[in-house]
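All chains, please: the whole structure from these sequences, using the hints.
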Amino acid sequence: MTDDDTPPSEHTHSDERVIGLIAEPGLAEDVARDVASELPAILSRCADGDGSSGSPWRVEVVRHLLPLDPTGNLRLLDVARDHRSHSWAATIVLTELPRRVGTRPILADCAPEHGVGLVSLTALGAFGIRRKTRKLLVHLVTTYFAPEMEPTTGGVPDNSQQGAALPRRYRTVDERERHDEGVQDIEHTVETNVELDGAGLHYALPGIRGQTQLLAGMVRANRPWRLVPSLSPALAGALAGAAFGIFYSSIWQLPDASSIARLALVTVLSIASMIAWLVLSNSLWERSPDARTRHFSTLYNAATLLTVTTGVAIMFLLLFTATFLGACVVIPTGYLSRTLQHPAGLSDRATLAWLAACLGTLAGALGSGLADEETVRNAAYSRRERERQDRRAAAEAQAEQNSQG
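Sequential numbering from 1 applies to the sequence shown in my numbering.
Because the hints were derived from the structure by calculation, they are not lab data.
Incorrect hints may have been included.
Claimed, not checked - Here are the simulated lysine to any residue pairs, SDA-like style, with alpha carbons at most 20 Å apart:
| id | residue 1 | residue 2 |
| --- | --- | --- |
| 1 | K132 | I271 |
| 2 | K132 | P40 |
| 3 | K132 | D30 |
| 4 | K132 | E38 |
What follows is the structure, given as structure tokens:
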């Protein structure tokens, strides 16, 4: 693992080929570190068609926060040129940056003539990210950066196994065809947030399934479980509200007389109230004045909404569990039976805890306004995206200041 200013290794053998992985801090860096230890052996065995050991390979990982230009795009070729001194056979960027061509999510980008590629971890979904990344990297290297290599068996993924890294119905969008043949139809109109100067090839995911996978990956990158500790004021208010439902016997008959459908509706309303409060009070909803980037704002808003919903749902389950245990300890069975006028069991305590958790969630929505705004934002947005936005805003402010000076 090296940082931006760390020189390349001085022990590179003359016949050794090196793959450079440029990984952003966070999830991408963790994934790069894990797959880097496995790739050399796989690529070496792929070098010979009979599966024997071939040319040695080495993988170097460089940690680097990808810069965005003033329009919000990543100039991938410039990133590769900045690391050209490393003498890598190929440069592949790992990022949490969501990628799209038109409205279709993108798994990976590649510019074979320039020896550079990019893998979007968010497009790989929420599960099996390391396994999918490893297979996708092998696919890119063997197909575009070392085409003389053929996948083999004997511990190396074959074609069908490598294909598991890519959906069976993925679509290849080639910018080079558009420029070489003058094609202007919608299938070859490429509008992405990564600039490859017309030399790019993109693996696009199909339809609703691909968009769902991208959203799931963005929510996973946001780590919604981090939202729960940041809502300690809301959780304190929720526990107080839930305790009110346990200690006041006049409330016990309400869940007993309510249907499951009514309790479910109350649950949805209480959770929705906290979600709305969090999103609005912390200004989490993005509005893009630029029509060209508006579809990305829609994507970020959807991911934010799902992240906050997941975090609040986790908090509700924790609140329900604590309330149910409290009802079991505090409320005597005989007293509960006399109040409800029928024999009481665990199911009655569960419905009581259910309604009490809903009341607590409504009370917690007010307490959520006291939560640390920056912490909530870090949980609702991908941290890497927030850092990119802040860095781009600072660069624009500096450029405006220089122009005025």
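What hints, given by number in increasing order, does this structure fail? Failing hint: just 1.
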